[in-house]
Structure formats: C-alpha cells, structure tokens
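Starting from the known structure of chain A, arrange chain B on it as the hints suggest.
Protein sequences, first through last, are from chains A and B. End of the first sequence sits at 127 in our numbering; the numbers just go up one at a time, nothing left out. End of the second sequence sits at 127 in our numbering; the numbers just go up one at a time, nothing left out.
Please keep in mind that the hints were generated in silico from the structure rather than gathered at the bench. Careful, some of the hints might be misleading.
[As the list claims (entries may be wrong)] Quick look at which bits of chain B chain A covers, simulated, 3 or more residues with Cβ under 8 Å: (1) 77 to 88; (2) 96 to 103; (3) 107 to 119.
[What the hints assert, rightly or not] Derived Cβ-Cβ restraints for the label pairs, each shown as a range: (4) A/H59 <-> B/M1: 47 to 55 Å; (5) A/H78 <-> B/M1: 24 to 32 Å; (6) B/G64 <-> A/G21: 41 to 49 Å; (7) B/P39 <-> A/D108: 20 to 28 Å.
Just so it is clear, CB atoms sit at the ideal spot from N, CA and C, and this is done for glycine as well.
Protein chains: 2
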Amino acid sequence: MATEAQIKATIARYQETFSSGDKQGWLGLFVEDGTVEDPVGSVPRKGRAEIGQFWDEVHATLRGITTEVTMGPAVAGHEAALAFEARLELDNGTFILPIIDVMTFADDGRLVSMRAFVDGGSLRPAS
Amino acid sequence: MATEAQIKATIARYQETFSSGDKQGWLGLFVEDGTVEDPVGSVPRKGRAEIGQFWDEVHATLRGITTEVTMGPAVAGHEAALAFEARLELDNGTFILPIIDVMTFADDGRLVSMRAFVDGGSLRPAS
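The shape of chain A in the complex, shown without the other chains:
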C-alpha cells in the first residue's frame, strides 16, 4: 500500500499541476485506467484520454483556475479527502467555489479515482 507520505506528495503535485495548467503533469498522476467523477453524480471519466477531455472542458469555460487547500488532506489507508477552494476566473469576474475531493490511490501512490463534491450553492465572488 502507498504510504501517507506518497499519497500526500501525489495530492500536493495534483494541486500544483492543476493550478499551473500543467495538463500532462496532472494526467501523469493517474493510473492508466484511473477515473474522475467531477462533480459526484456525473458519468465518471475513465482512462487518461477521457480524463484529459475533462481537463479540456474545464479549462475551455474558464480564463483561469487555481486551487487552495483549506482542510487536509486526511489520509486513511489507500484513501484521502481534502477540502479546497477553487478560484475561477470568468469573463464577468472571479469567483470562489468550495469543493471536497475524495480520492483512492494505487500501491505506487498514483491516483486510482477522484470524486469531487462541489458545493455549488456556496459559490461566491472573490473578495
């Protein structure tokens, strides 16, 4: 099983690559048949091709997106959860969107699955 340090390193790199727009670095954090369910309840994207398409869709609608962790990651065995705020740059302003990610990891520390609980009702303008 991956160590807590390995899992935390993957999550740190996940946040870094996502916020810096490093699509290939971000995709490389997943196992080949990894899944992304964002938001929870949507059809999961499976494999790097579909996950890459998800990345493209997110970035096509935004001028920019960065994230800031507000709680965690709390690692438990091969799973982890973290709370963060996504900062969304839109044509009409900048908004903060609270999100909780729940993730599972392979023995080598790569991501097997990511599920995003998006608190859309708490979307607010950035102060």
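Just chain B now, kept in the frame of chain A:
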C-alpha cells in the same frame, strides 16, 4: 431519492444532536442497518446498537465534544460531504481536530452510511 433540502436537514440535525449530547436524537437519524466508519479504515459499525456503542466510546474518552462546519455540506444525489472541526475537551486542554465526513442517504433522508476522514496530523490546541 431524498431531496437536497432533506439531506441538508439531516446533516444539520446530525451536527446539533452530536454537539448537544443527544444520543437518541443522533441515533434516530440513521436507518436501522446504517453504518459508521470513523475513522475511515476502521471496522464499520453497523446498526444502531453498534453505532450507539461507537457514540459511547467517543464520549467516554472526552469531557465534551462539539463540532463546527467549515465547508459544505456539498450534496450530490444521495451523497454528501462536509468539512468540520471537532472541538475536543480533554483533561489536559481543548483541541481542534479537522475532519471530513462523507455520507450516503436513504430515500427518506435518513443516513445510510457515514465515513469520517480524520486529519489527526492537524490536531492543534484551541486558541
């Protein structure tokens, strides 16, 4: 399926009953064969007798415990996630423990399962 309003009402009541020490009110929020996995990775408690035992164990080690939600709940279908801080009153002081709960709900809004990602590494004295 339970509505978002039903799920949010259950979570609000969950936090209220837990913080006020209302064991029976808290237990009543679960379906008969509900499960609690707290922390994630421990053997899940199943059914109200085992969940009640979990409550007793938590409260036996503490002078008091209250919770304050810091993010969410983010509701998605029959699932929800929230981040909160547990305030633990111990013999040697008061401590803040960050936790992320992931929950599933029955059609009537009652809790089917609760899993707690406990960020033990971020335990800190209350300021």
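Consistency of the hints with the structure:
A stretch counts as covered by a chain when three or more of its residues have a beta carbon under 8 Å from one of that chain; for the region 77 to 88 of chain B and chain A the count is 6, and the coverage holds. Closer than 8 Å: that is the beta-carbon criterion, and the region 96 to 103 of chain B has 4 residues meeting it against chain A, so the requirement of 3 holds. Given a C-beta distance limit of less than 8 Å, the hint that chain A covers the region 107 to 119 of chain B holds, as 3 residues qualify and 3 suffice. Checked against the hint of 47 to 55 Å, the pair A/H59 and B/M1 fails, with Cβ atoms roughly 32 Å apart.
Checked against the hint of 24 to 32 Å, the C-beta distance between A/H78 and B/M1 comes to roughly 29 Å, which is consistent with it. Between B/G64 and A/G21 the Cβ separation comes to about 46 Å, which falls inside the hinted range of 41 to 49 Å. The supplied range of 20 to 28 Å is met by B/P39 and A/D108, whose beta-carbon atoms lie about 24 Å from each other.
Hint 4 from the earlier list is the only one contradicted by this structure; the remaining hints agree with it.
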